[in-house]
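Going down the list, the protein sequences come from chains A and B.
Following my numbering, the numbering of the first sequence begins with 1 at its first residue and continues without gaps.
Following my numbering, the numbering of the second sequence begins with 1 at its first residue and continues without gaps.
Hints were generated in silico from the structure; no laboratory data involved.
Heads up, a few of these hints could be off.
For the chain A half of the interface with chain B, some residues (derived, Cβ under 7 Å), not all of them [claimed, not checked]: (1) Pro36; (2) Leu38; (3) Leu41; (4) Val149; (5) Pro153; (6) Asn215; (7) Gln234; (8) Met238; (9) Val285.
Simulated crosslink set (DSSO-like; lysine-lysine; CA at most 30 Å straight-line) [unchecked claim]: (10) A:Lys295 / B:Lys15; (11) B:Lys19 / A:Lys10; (12) B:Lys119 / B:Lys53; (13) B:Lys289 / B:Lys275; (14) B:Lys161 / A:Lys53; (15) A:Lys115 / B:Lys302; (16) B:Lys76 / B:Lys275; (17) B:Lys171 / B:Lys161; (18) B:Lys53 / B:Lys305; (19) A:Lys295 / A:Lys199; (20) B:Lys275 / A:Lys115; (21) A:Lys291 / B:Lys302; (22) B:Lys289 / B:Lys305; (23) A:Lys115 / A:Lys53; (24) B:Lys119 / A:Lys199; (25) A:Lys139 / B:Lys15; (26) A:Lys295 / B:Lys19.
Note that CB positions come from ideal geometry on N, CA and C, so glycine has one too.
In case you want the letters, here they are:
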Amino acid sequence: MLFRKGHRRKIRLKTRIMDGLIMLILLLIVIVTIYPFLNVLAISLNDANDTIKGGIHIFPRVFTLRNYKEVFKDPILITAFINSVIRTVLGAGFGIISTMMVAYVLSRRDFFARKFIANLFAITMYISGGMIPEFLLIKQLGMINSFSVYIVPGILGIYYIYIVRSFIDGLPSALQEAACIDGANDIQIFTRVILPLCKPVMATIGLYYAVSHWNSWFDTYLFNSGESSLTTLQYELMKVLNNSNTAAAGHMLKMKQNAQNVHAISPQSMRMAITIVATVPILVVYPFVQKYFVKGMTLGAVKD
Amino acid sequence: MDGQKLKPDKKPLIKIIIKQRYLILMVLPFIIWAVIFKYLPLWGWLMAFQDYKPRAGMGMLDYPFVGLKHFITLFKDPMFYNVMRNTLGMSFMQLFIGFPLPIIFAIMLNEVKNIRYKKFIQTSTYLPHFVSWVIVAGIFTTILSGDGIVNELLLFFNIIKEPVSFFSMPKWFWAICTSAEVWKELGWNSIIFLAAITSIDPTLYEAAKVDGASRLQSIRHITLPGISNTILVILVLEIGWMISIGFEKQYLMGNSLVQDYAKVLDLYVLDYGIKLGRYSFGTAIGIFKSVVSIILLYSANKIAKRWKGQAVI
């Protein structure tokens with residue numbers, strides 16, 4: 001297996017070039033991924049009248065906080081923000097507790113109804129009533145125009161039950177057995193042994209729930225659009241987006257923008273500012289929790 | 001195999017219930033929840049076979065039974081075929097383009113030796129997965145607008161003479177949706193493939209190198225076969241989900257001009273079922289969707305079974 005020196009150098013050069021090419025492509029992908037966020041940020045920090053001239057990339061040309069001031073002055077947007085926060089916190093909290101309880105019970109091999117209940121939940125992942133029956137159910141339960149419609153129907157994410165159960169199955173059974181011998185009942189085993197050990201997976205699914213709630217807009221649209229005090233941040237953003245889309249379709253964007261020249265703010269600048277406000281919480285939390293998200297994915301994969 | 005009673009001496013049921021009362025207590029509220037919110041709506045399927053126009057004092061079973069009338073109406077509606085074309089068309093496009101790309105991305109990422117670069121690339125590319133479709137739709141609207149970066153680049157390289165108004169061109173809509181989906185999920189979808197790649201025995205690579213294999217050959221003969229199981233599982237699941245492509249991005253990025261290409265099955269239900277109050281009709285569409293989904297999942301699983309010799313699900 002002796003290579004001539006020249007041959008070895010040729011191989012090394014070829015490897016180097018391939019490495020470089022790969023890095024270049026990956027870097028390009030990163031740029032394509034990140035640029036739009038920077039672009040939105042720049043526009044949001046740029047004076048509306050100046051933005052119309054176009055050409056804003058990742059730095060604002062005429063810096064202003066005016067767009068954000070307008071956003072935080074708007075009572076509907078403030079309500080939306082508060083609702084989103086409350087909903088995210090409550091939804092994640094209840095989600096964690098409920099998922100933990102169900103997953104624990106299902107992890108107990110000796111539970112008499114284990115298979116039956118596991119199947120009960122599993123089937124719901126494949127068969128669904130459909131939009132209409134679910135809509136009518138909410139209506140008949142009187143949950144239209146209520147805050148509870150954000151929390152109750154979606155309190156459990158079925159898929160997460162299995163992620164947590166996988167995790168619990170991975171815990172040494174000796175711990176549960178020891179607690180049992182010490183006379184602990186099932187609830188005590190749950191709260192004193194299982195829960196403390198499950199902190200990582202609780203963080204993971206908690207974050208999944210939180211992101212899901214923070215990003216929700218369709219349920220607001222479907223159920224609560226009649227009650228403005230129940231609006232959510234993404235829903236408000238969606239409304240602003242819809243207005244822009246309608247304008248763009250009619251080739252009226254240019255005209256509208258000229259008309260907006262009189263005002264210091266434009267729908268687009270507002271939209272950018274709201275977008276940043278809706279994204280920042282995720283961005284802030286993201287670097288710290290990224291590893292939990294990734295672990296959750298691979299945990300789920302192990303189960304498959 | 002009865003996995004429920006582990007003790008050889010059969011205890012009477014009531015004794016078991018008392019012994020495991022706390023477990024039952026912990027799970028009971030959620031069983032009730034599942035029954036109400038997941039199983040009760042299935043009763044709603046009955047509506048598809050009735051003429052359901054909600055009136056006070058009428059129970060579920062009081063409405064006139066009309067058999068398959070709504071399904072026939074559905075299959076006679078030309079809009080239905082348009083919608084199916086859109087739904088399946090976009091799903092296929094998304095599958096052809098969006099399925100291989102995360103795999104290629106994972107393979108490339110695996111070649112990066114520097115851990116810092118690798119983490120940086122991963123952190124950046126996972127990000128779009130966590131923002132909402134509302135935000136992504138807004139981003140794409142901005143990027144593809146008349147004075148957005150895409151048009152700017154196209155003009156700069158003289159590929160076009162005037163800015164293109166992407167969102168007013170119906171035939172471009174599928175490409176836009178696919179691009180948005182890929183942009184949002186490329187990084188995230190690659191996680192599972194990356195995990196699969198790292199679980200391949202590294203000595204295989206060493207052996208190949210000793211035998212003089214090039215990087216490309218290693219990938220072809222070690223990496224790809226090594227993750228072929230994962231690829232198959234994900235592929236089968238994706239095919240099963242083809243009819244449930246969802247509606248968020250189509251709704252958020254669509255407008256009146258592109259409806260011919262933008263209306264997917266769920267939007268069809270939204271428009272006819274909920275907005276027009278044709279509950280029976282909308283439910284029929286929902287049932288159709290569930291049935292097709294199950295058929296797709298089952299068929300894909302069967303094909304995979306025949307090919308690989310083991311079932312995926």
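Now the hints, each set against the structure:
Because the beta carbon of Pro36 of chain A sits about 4 Å from the nearest beta carbon in chain B, less than 7 Å, this interface hint is met. For Leu38 of chain A, the interface hint is violated, since its Cβ never comes within 7 Å of a Cβ in chain B; the closest pair sits about 11 Å apart. With 7 Å as the threshold, the beta carbon of Leu41 of chain A stays out of range of chain B, its nearest partner Cβ sitting at about 11 Å, so the hint is violated. Using the Cβ-Cβ criterion of 7 Å, the hint placing Val149 of chain A at the interface with chain B is not satisfied: the shortest such distance is roughly 11 Å.
The beta carbon of Pro153 of chain A is positioned within 7 Å of a beta carbon in chain B (closest approach about 5 Å), and the interface hint is therefore held. Because the closest C-beta pair between Asn215 of chain A and chain B is about 3 Å apart, less than 7 Å, the hint holds. Contact between Gln234 of chain A and chain B, as hinted, is supported at the beta carbon level, the nearest pair being about 5 Å apart and thus within 7 Å. Using the Cβ-Cβ criterion of 7 Å, the hint placing Met238 of chain A at the interface with chain B is satisfied: the shortest such distance is roughly 5 Å.
Because the beta carbon of Val285 of chain A sits about 9 Å from the nearest beta carbon in chain B, more than 7 Å, this interface hint is broken. A distance of roughly 40 Å separates the Cα atoms of Lys295 of chain A and Lys15 of chain B; the hinted pair therefore is violated under the 30 Å criterion. This hinted pair does not check out: Lys19 of chain B and Lys10 of chain A have alpha carbons roughly 73 Å apart, beyond 30 Å. Using a Cα cut-off of 30 Å, the hinted pair Lys119 of chain B and Lys53 of chain B is violated, with the two alpha carbons roughly 56 Å apart.
A distance of roughly 19 Å separates the Cα atoms of Lys289 of chain B and Lys275 of chain B; the hinted pair therefore holds under the 30 Å criterion. Using a Cα cut-off of 30 Å, the hinted pair Lys161 of chain B and Lys53 of chain A holds, with the two alpha carbons roughly 19 Å apart. Proximity of Lys115 of chain A to Lys302 of chain B is assessed by CA-CA distance (about 25 Å); at most 30 Å being required, the pair is judged to hold. Of the supplied pair hints, the one linking Lys76 of chain B and Lys275 of chain B holds, its CA atoms being roughly 20 Å apart against a limit of 30 Å.
Taken as a hint, the Lys171 of chain B and Lys161 of chain B pair is honoured in the structure, with Cα atoms around 20 Å apart against an allowance of 30 Å. For the suggested pair Lys53 of chain B and Lys305 of chain B, the alpha carbons sit about 45 Å apart, so the restraint of at most 30 Å is broken. Using a Cα cut-off of 30 Å, the hinted pair Lys295 of chain A and Lys199 of chain A holds, with the two alpha carbons roughly 13 Å apart. With a C-alpha separation of about 41 Å, the suggested pair Lys275 of chain B and Lys115 of chain A falls outside the 30 Å cut-off, and the hint is violated.
Restraint check for Lys291 of chain A and Lys302 of chain B: the C-alpha separation of about 35 Å exceeds 30 Å, so the hint is violated. Using a Cα cut-off of 30 Å, the hinted pair Lys289 of chain B and Lys305 of chain B holds, with the two alpha carbons roughly 24 Å apart. Among the hinted pairs, Lys115 of chain A with Lys53 of chain A is inconsistent with the structure: their alpha-carbon atoms are about 64 Å apart, more than 30 Å. For the given pair, Lys119 of chain B sits about 24 Å from Lys199 of chain A by alpha-carbon distance, which is consistent with the 30 Å threshold.
Taking the CA atoms of Lys139 of chain A and Lys15 of chain B, the gap is about 41 Å. The hint is violated against a cut of 30 Å. Of the supplied pair hints, the one linking Lys295 of chain A and Lys19 of chain B is violated, its CA atoms being roughly 35 Å apart against a limit of 30 Å.
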